[in-house]
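In case you want the letters, here they are:
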Amino acid sequence: MLKAQNNPSASQNRSAGSEFWAGVREEVPLIFGVAPFGLVFGVLGIESGLTPWQTILMSSILFGGASQIVFAQLWAAGVPALIVGGSVCVINLRHVLYSASIAAYLRHLPLRWRILLGYLLTDEAYAISIRRLQHEPPGSNQHFHLLGSGMLLWVSWQFATIFGVLVGGTIPDSWSLSFAIPLTFIAVVAPILKTRADLAAVMTAGTIAIIGQPLPWNSWLIIAAICGILAGWLVSRLNHQAGATS
Amino acid sequence: MIWFIMIATGLFTFATRFIMLSNGISNRPPPWLVDALGFVPIAVLTAIIVPAILLDPADQTIALWDNPRLFAAALAIIAALVTRQMITTIGVGLVALWILQWAM
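As given, the protein sequences belong to chains D and F, one line each in that order. FYI, in our numbering the residues of the first sequence are 1 to 246. FYI, in our numbering the residues of the second sequence are 1001 to 1104.
Since the hints were derived computationally from the structure, they do not count as laboratory data. Do not rely on the hints blindly, as some may be mistaken.
Quick list of in silico lysine to any residue cross-link-like pairs, SDA-like style, CA-CA up to 25 Å [claimed, not checked]:
| no. | chain 1 | residue 1 | chain 2 | residue 2 |
| --- | --- | --- | --- | --- |
| 1 | D | 194 | F | 1029 |
| 2 | D | 194 | D | 239 |
| 3 | D | 194 | F | 1087 |
Under 10 Å between C-beta atoms, here's a sample of chain D residues computed to sit facing chain F [to be verified]:
| no. | residue |
| --- | --- |
| 4 | 36 |
| 5 | 94 |
| 6 | 212 |
Because the structure is a prediction, the values reported are computed rather than measured. The C-beta atom is built at its ideal place from N, Cα and C for all residues, glycine as well.
Required output: the full structure, derived from the provided sequences and hints.
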């Protein structure tokens, strides 16, 4: 007890509410990118032949932007269900990394908390809350930060999807709104390309995505993605070895 | 069928998020797997970006010089590198595409 009182970080322990609202506040700038993306998904889902309920519920069942877009596009192209499912799963594998990186801060929590925060662990919520967890003093309520950032993202994504479903039919084709999808991904990918291994992954995935177009069942996407991952990984391995031997 | 695939992929996606938070797995994934997973976003997203820009939506052939999407994407890449903001990148790319489609 005395020890806790003397511990300066304990006296600075922030309340659950203050952690939660800090998470919400810090997430706000990312919503400007997420909202148009969700809107585009809503429009695209309907255009792909999904029903409004399928489109809207996919945003809470999958809750992963890129994978939802791919799901709708492949489904619309009449791709076999196994390829649709496989492509979606490969795209979402990256979450294992976020889960591993954030586990040390959450593993002591009760199961219901870990299930809830796991469900809310998206690219955008992770990006904001890992900064607080790593760089600010630990606190017993620090998980409320991820709850705040994750819930704001979830609510925004659902509303953007619903809005897209409602207005979809009224947006003229000449606006080329579906072009916002590659643009969104350019905004994600371009700034994070740093190493030769990254470039190898990009060149390989991009090239195979084009020359693989004639492959059956739109399997070019999953094949290009896997080859790009392998190329980047191999080049990073070679660089590590070159660094170790020189 | 679509509901089955949606729920199955939804459960898989939840598993990718929850797996390291479960108490069953106490170790971090091996370093080679962490390295490989680090390339998932750029490989997947590039495989979506490149055909969406290069292939003509009408007939799925490769379009280069008469392709407004290619030039709009180039401007968007510059905007992304300079501003690092999603909303600016989308705005620059869409406005460039509208102007180019009107002019070309």
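Going back to the hint list, which numbers does this structure go against? Every hint satisfied by this model.
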